[in-house]
Structure formats: C-alpha cells, structure tokens
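Colleague: Here is what each chain is made of, one letter per residue.
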Amino acid sequence: QKEVEQNSGPLSVPEGAIASLNCTYSDRGSQSFFWYRQYSGKSPELIMFIYSNGDKEDGRFTAQLNKASQYVSLLIRDSQPSDSATYLCAVNPAQIRGGSNYKLTFGKGTLLTVNP
Amino acid sequence: DTGVSQDPRHKITKRGQNVTFRCDPISEHNRLYWYRQTLGQGPEFLTYFQNEAQLEKSRLLSDRFSAERPKGSFSTLEIQRTEQGDSAMYLCASSLVNGNTIYFGEGSWLTVV
Chain A
1 QKEVEQNSGP LSVPEGAIAS LNCTYSDRGS QSFFWYRQYS GKSPELIMFI
51 YSNGDKEDGR FTAQLNKASQ YVSLLIRDSQ PSDSATYLCA VNPAQIRGGS
101 NYKLTFGKGT LLTVNP
Chain B
1 DTGVSQDPRH KITKRGQNVT FRCDPISEHN RLYWYRQTLG QGPEFLTYFQ
51 NEAQLEKSRL LSDRFSAERP KGSFSTLEIQ RTEQGDSAMY LCASSLVNGN
101 TIYFGEGSWL TVV
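Same order as they appear, the protein sequences are chains A and B.
Going by my numbering, the first sequence opens with residue 1, and the numbers climb by one from there.
Going by my numbering, the second sequence opens with residue 1, and the numbers climb by one from there.
Be aware that one or more of the hints could be misleading.
[As the list claims (entries may be wrong)] With a Cα cut of at most 30 Å, we get these calculated DSS-like pairs of lysine-lysine:
1. A/Lys67 with B/Lys57
2. B/Lys71 with A/Lys42
3. A/Lys67 with B/Lys14
4. B/Lys14 with B/Lys57
5. B/Lys11 with B/Lys57
6. B/Lys71 with A/Lys67
7. B/Lys11 with A/Lys108
8. B/Lys11 with A/Lys42
9. B/Lys11 with B/Lys71
10. B/Lys57 with B/Lys71
11. A/Lys103 with A/Lys67
12. A/Lys108 with B/Lys71
13. A/Lys42 with B/Lys57
14. B/Lys14 with A/Lys108
Simulated from the structure, these hints should not be mistaken for laboratory data.
Nothing here was measured: the structure is a model prediction, and the numbers come from that model.
Given these sequences and hints, build the entire structure.
Modeller: Set out below in structure tokens:
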C-alpha cells in the first residue's frame with residue numbers, strides 16, 4: 001500500500017512567520033511530488049511540484065525534497081491570513097514528463113491557520 | 001483557456017438513484033482523470049483516460065461506477081444505485097500527455113440521503 005503521511009494539524013502561525021509543512025511517503029519509487037492548497041469547499045490548487053533532490057523556490061514558497069529520507073516539505077515565508085487552508089502533499093510514481101500519467105497518491109492534508 | 005469545467009456542482013439524491021457527472025477538460029488536453037474526495041481525506045484516484053481510451057481504473061471504482069469519454073473530449077461519470085458512502089466531492093482533472101501538471105476542476109459535490 002503506497003502511503004503519504006502528513007500531520008493533520010492544525011498548524012497555527014502568526015502573520016509574517018514561516019510555516020513549515022511536512023510530508024513522508026512510503027513508495028521509494030516515487031518520482032514527482034506536488035503541493036496543493038485547498039480552501040474549504042473548493043478543489044485543490046497546485047502550488048508547486050518538485051522532482052529533484054534539494055530546494056525549489058517560487059515566490060514565498062519553497063519545496064524541499066529528500067528522496068533518501070522519503071521526505072518532502074513546503075515552507076511558506078511571510079505567511080498571510082489568506083494562506084489559511086489545507087495543504088495537500090501528493091506523490092506520483094511516474095516522472096513528470098515523457099508521457100507520465102498523474103495517478104497521484106495524496107496525503108490527508110495539513111490545516112494551516114495564519115493568525116493576523 | 002476556460003479551465004476544467006464540471007457539472008453539476010452540487011447534487012443531492014436519494015439512496016438507490018442513479019447520478020451522472022460531466023467533465024469538460026481544458027481543450028487540447030488528451031488526458032482526463034477522475035478523483036474522489038471525502039471529508040477529511042485527500043483526493044483518491046479513480047480512473048483516467050487518454051483520448052477516448054480508459055487506461056486504468058482503481059479498485060475503488062466498483063461495478064456501480066462507470067466512466068466514459070466517447071469522443072475523447074468531455075467525460076461522464078455515472079454512479080448507479082447510489083449509497084450513502086458515495087457522498088463525496090468528485091474531482092475531474094486534465095493534462096497533456098507530456099505536461100508537467102494536472103489541472104483540477106471545481107468538483108461536483110454529491111450528497112446521498
């Protein structure tokens with residue numbers, strides 16, 4: 001059974017702080033990793049994907065991947081109240097390109113609350 | 001690019017009735033996916049199509065569920081003899097074969113009473 005584990009939270013941070021969201025996965029063959037943001041009652045919205053070990057930055061967001069430890073994280077700098085949402089980690093056994101499909105395995109999500 | 005469109009957005013049905021959801025993917029996207037999400041859980045993969053061919057089905061897709069994509073454009077997901085456990089948000093997504101991400105629609109909420 002391929003699993004993705006996330007701390008369900010809630011994770012509460014003050015406005016302007018760094019929020020750190022963590023995710024571990026069981027399938028060592030996983031190739032690509034995604035972070036989605038989901039507001040209550042809405043569908044998931046892609047924030048970032050990463051497929052190489054190390055860090056990937058996009059604006060206030062940084063994804064970190066460590067395949068040896070089977071660990072992926074998302075850092076949100078200068079957190080804003082509008083960042084309050086559930087953050088879903090998803091993994092894909094296939095590579096991003098080359099005809100891969102997106103049979104993603106999602107974690108249950110971490111609820112983030114940013115307090116003004 | 002109008003995004004992935006799903007219809008209806010909300011459906012309340014009595015147990016035992018059949019329901020059908022429609023998904024219109026982003027035009028030129030040849031891959032289309034169905035996921036299901038229940039409260040407190042992440043989305044779960046159900047099935048996916050490449051053009052009109054259904055290439056994979058999850059074991060979650062019981063024989064009461066059927067998905068089609070007859071002309072390789074829009075897709076339908078039908079649930080027959082609905083049960084209360086079918087209550088969930090049904091998400092459609094689409095991608096290019098060599099794309100680097102999938103795009104989710106806004107979802108179709110099903111409540112079985």
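Colleague: If a hint holds in the structure, say so; if it doesn't, say that too.
Modeller: Here is how each hint holds up against the structure:
1. A/Lys67 with B/Lys57: 28 Å, holds
2. B/Lys71 with A/Lys42: 29 Å, holds
3. A/Lys67 with B/Lys14: Distance of about 46 Å is beyond 30 Å: violated.
4. B/Lys14 with B/Lys57: It holds: about 26 Å lies between the C-alpha atoms, which stays within 30 Å.
5. B/Lys11 with B/Lys57: 24 Å, holds
6. B/Lys71 with A/Lys67: The given pair, whose Cα atoms are some 40 Å apart, is violated under the 30 Å limit.
7. B/Lys11 with A/Lys108: With Cα atoms ~24 Å apart, B/Lys11 and A/Lys108 stay inside 30 Å; holds.
8. B/Lys11 with A/Lys42: 15 Å, holds
9. B/Lys11 with B/Lys71: 25 Å, holds
10. B/Lys57 with B/Lys71: Roughly 19 Å separates the two Cα atoms, so the pair holds.
11. A/Lys103 with A/Lys67: Given pair A/Lys103, A/Lys67 holds - Cα atoms ~19 Å apart, limit 30 Å.
12. A/Lys108 with B/Lys71: Status violated; Cα separation ~34 Å.
13. A/Lys42 with B/Lys57: Judged against 30 Å, a Cα distance of about 25 Å means the pair holds.
14. B/Lys14 with A/Lys108: It holds: about 28 Å lies between the C-alpha atoms, which stays within 30 Å.
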